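Required output: the full structure, derived from the provided sequences and hints.
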Amino acid sequence: DTAVSQTPKYLVTQMGNDKSIKCEQNLGHDTMYWYKQDSKKFLKIMFSYNNKELIINETVPNRFSPKSPDKAHLNLHINSLELGDSAVYFCASSPPGTSGGDQETQYFGPGTRLLVL
Amino acid sequence: QKEVEQDPGPLSVPEGAIVSLNCTYSNSAFQYFMWYRQYSRKGPELLMYTYSSGNKEDGRFTAQVDKSSKYISLFIRDSQPSDSATYLCAMSRVKTSYDKVIFGPGTSLSVIP
Numbered sequence: 001d002t003a004v005s006q007t008p009k010y011l012v013t014q015m016g017n018d019k020s021i022k023c024e025q026n027l028g029h030d031t032m033y034w035y036k037q038d039s040k041k042f043l044k045i046m047f048s049y050n051n052k053e054l055i056i057n058e059t060v061p062n063r064f065s066p067k068s069p070d071k072a073h074l075n076l077h078i079n080s081l082e083l084g085d086s087a088v089y090f091c092a093s094s095p096p097g098t099s100g101g102d103q104e105t106q107y108f109g110p111g112t113r114l115l116v117l
Numbered sequence: 001q002k003e004v005e006q007d008p009g010p011l012s013v014p015e016g017a018i019v020s021l022n023c024t025y026s027n028s029a030f031q032y033f034m035w036y037r038q039y040s041r042k043g044p045e046l047l048m049y050t051y052s053s054g055n056k057e058d059g060r061f062t063a064q065v066d067k068s069s070k071y072i073s074l075f076i077r078d079s080q081p082s083d084s085a086t087y088l089c090a091m092s093r094v095k096t097s098y099d100k101v102i103f104g105p106g107t108s109l110s111v112i113p
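Line by line, the protein sequences give chains C and Y. Here the first sequence is numbered in this note's numbering, starting from 1 and rising by one per residue. Here the second sequence is numbered in this note's numbering, starting from 1 and rising by one per residue.
FYI, nobody ran anything at the bench for these hints, they're computed from the structure. Keep in mind the model is a prediction, meaning the values are calculated, not measured. Idealized CB from N, CA, C, for every residue including glycine. Errors might be hidden in some of the hints.
With a cut-off of at most 25 angstroms between alpha-carbon atoms, the simulated SDA-like pairs for lysine to any residue come out as follows [to be verified]:
id: 1; chain 1: C; residue 1: K9; chain 2: Y; residue 2: S84
id: 2; chain 1: C; residue 1: K40; chain 2: Y; residue 2: V111
id: 3; chain 1: C; residue 1: K71; chain 2: C; residue 2: G84
id: 4; chain 1: Y; residue 1: K56; chain 2: C; residue 2: K9
id: 5; chain 1: C; residue 1: K71; chain 2: C; residue 2: L117
Not everything, but these chain C residues come out facing chain Y in the computed CB check (under 10 angstroms) [as the list claims (entries may be wrong)]:
id: 6; residue: V60
id: 7; residue: R63
id: 8; residue: D70
id: 9; residue: S94
Listed below in structure tokens is the structure:
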């Protein structure tokens, strides 16, 4: 019944490794997002996809690559992990904004806590 | 200057108190204003949403927007221990999936029984 799910919930890895985080939503939403929340709780958007099309690509290192195989899934792959990548990564989704839906109502997943050692 | 500023707290109040949480912002193009609540180790959830200036009430929660001062507030009446969480203000320019939502850094609130 989980609306937005992420796997894994926790990820501990060494510097230099490559890792992926997966996200799935069963709400039928068109738009999905990746956010990064640092240790000071600052939630910052990284990417958004609308119907599998990349819409927002904030200034993030190109070691981060999102992939949307279909509109219910948005994965995040991170290459050559660095210490500064340690954070909580949230996936979110929202209904179509251009059709009168509430784009502001973003539904967040539980987060993936990434620790890079 | 950051686009959205918020006092991080922590804010500690006794049960039953009225809580006032505030954000200021610099971009006058923002028109849609939201408050999200985030419990520890959980994702944020939308609490209140307002468009342009004015007030909106929902149960014990009231959101206020003053665009002339670039200032938004969230009031919680009769605060409960279950209100203990981090409150994030958020805002966007247009109502579309093509615009990003900017979040404040959050205010941590503890309501003491």
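Do the hints match the structure? See the list:
1. Taken as a hint, the K9 of chain C and S84 of chain Y pair is honoured in the structure, with Cα atoms around 23 angstroms apart against an allowance of 25 angstroms.
2. Distance hint between K40 of chain C and V111 of chain Y is fulfilled; the C-alpha atoms sit about 21 angstroms from each other, no more than 25 angstroms.
3. Among the hinted pairs, K71 of chain C with G84 of chain C is inconsistent with the structure: their alpha-carbon atoms are about 29 angstroms apart, more than 25 angstroms.
4. Taken as a hint, the K56 of chain Y and K9 of chain C pair is broken in the structure, with Cα atoms around 35 angstroms apart against an allowance of 25 angstroms.
5. Distance check on the hinted pair: K71 of chain C and L117 of chain C sit about 33 angstroms apart at the alpha-carbon level, beyond 25 angstroms; violated.
6. This hint is violated: V60 of chain C has a C-beta 13 angstroms from the nearest C-beta of chain Y, more than the 10 angstroms allowed.
7. For R63 of chain C, the interface hint is violated, the least distance from its beta-carbon to any beta-carbon of chain Y being 21 angstroms, above 10 angstroms.
8. Taken as an interface hint, D70 of chain C does not check out: its beta carbon lies about 17 angstroms from the nearest beta carbon of chain Y, beyond 10 angstroms.
9. At a threshold of 10 angstroms, the smallest CB-CB gap from S94 of chain C to chain Y is about 6 angstroms, leaving the interface hint in force.
Consistency with the previously given hints fails for numbers 3, 4, 5, 6, 7, 8, ordered from lowest to highest.
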